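Student: Sequence:
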Amino acid sequence: MGIPVTDELRALRARVYGPAADIHLDPAAMRRLEELEEAGRRSPAVELPVAPPADVAVADEDAAASPSAADVAPPAPELPFWRRPRVRTATWAVGLVVAALLGAGLTYSVVAITPVSTSSGAEQIATLTPSTTLRIPPGYFGWEDGGSAFEYAGLTILQTSNSFIAAGVGDAPCIQVLETRLVPDPQEFDEAGGWSYDGNLWGGCSVGAFPASAAVPLSGEGAPKVDLPDGRALQFVLEGDRVGVFLDRG
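Each residue of the sequence shown is one higher than the one before, counting from 1 in the numbering used here.
Hints were generated in silico from the structure; no laboratory data involved.
Treat the hints with caution; some may be incorrect.
[Unchecked claim] Here are the computed distance ranges between Cβ atoms for each label pair:
1) D26 <-> T132: 17 to 23 Å
2) G220 <-> D190: 28 to 34 Å
3) G139 <-> A172: 18 to 24 Å
4) A39 <-> T127: 56 to 62 Å
5) A209 <-> R32: 48 to 54 Å
6) I113 <-> R135: 24 to 30 Å
7) L25 <-> E144: 58 to 64 Å
8) G147 <-> I113: 23 to 29 Å
On a predicted model such as this, the values are computed, not experimentally measured, just so you know.
Glycine included, every Cβ here is placed at the ideal spot set by N, Cα and C.
With the hints as constraints, model all of the structure from the sequences given.
Tutor: Take a look at the structure:
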């Protein structure tokens with residue numbers, strides 16, 4: 001005897017086996033389907049006995065009274081809905097998604113990059129914090145002793161004020177990117193006697209809501225010493241006491 005099929009049970013089964021199966025997304029519907037099938041197994045439908053025809057021989061009645069083992073074998077229990085092939089596939093797929101999300105979380109915890117805001121939409125590949133090894137002469141490109149300086153792939157990034165780079169007034173922060181190999185030794189630098197810089201220089205200051213930033217090409221003389229064959233340029237963006245490095249892949 002099977003499970004009595006009601007309209008509700010039929011509709012729920014359609015969400016399991018139908019072409020638009022989506023019951024795995026609805027925990028409440030899954031529980032309800034299980035309840036209906038379990039209730040059907042506990043209370044099987046009652047079948048009324050049918051009287052045998054009057055002309056049936058006694059021998060046939062005796063044979064019917066002694067059914068074979070195959071006749072009396074209990075019906076195979078109906079598999080719960082979560083063990084049926086279609087739903088099992090859906091559950092397995094959900095498991096893969098969860099595993100992928102967990103894997104992505106673990107990867108982020110290992111190689112996490114502190115995000116810095118930018119409007120370019122480029123990929124952030126690094127976050128720089130102030131260097132403790134760079135030796136910058138005070139007054140060099142307006143850099144002041146105790147100010148922030150960063151280093152990346154053969155480049156030095158100085159945080160200065162706009163009074164030097166843009167001859168402006170106020171305290172709007174700026175950054176200047178130059179070749180580290182050309183930064184003079186503080187012991188040999190003479191600001192009063194004048195100085196020069198024979199290399200590439202990139203820079204920019206904060207204006208309104210836009211942070212101080214500088215874009216540096218990845219080709220040509222003075223380009224960063226970094227292996228990024230699919231990149232065209234880097235952008236350095238100042239945010240507080242750190243600098244975000246963004247890559248334009250073209």
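Student: Could you run down the list of hints and mark each one as holding or not?
Tutor: Hints, one by one, checked against the model:
1. D26 <-> T132: 17 to 23 Å: violated, 56 Å
2. G220 <-> D190: 28 to 34 Å: holds, 31 Å
3. G139 <-> A172: 18 to 24 Å: holds, 19 Å
4. A39 <-> T127: 56 to 62 Å: holds, 59 Å
5. A209 <-> R32: 48 to 54 Å: With Cβ atoms ~53 Å apart, the hint holds.
6. I113 <-> R135: 24 to 30 Å: Since I113 and R135 have Cβ atoms about 27 Å apart, the given range 24 to 30 Å holds.
7. L25 <-> E144: 58 to 64 Å: holds, 60 Å
8. G147 <-> I113: 23 to 29 Å: Hint holds: Cβ distance 24 Å, inside 23 to 29 Å.
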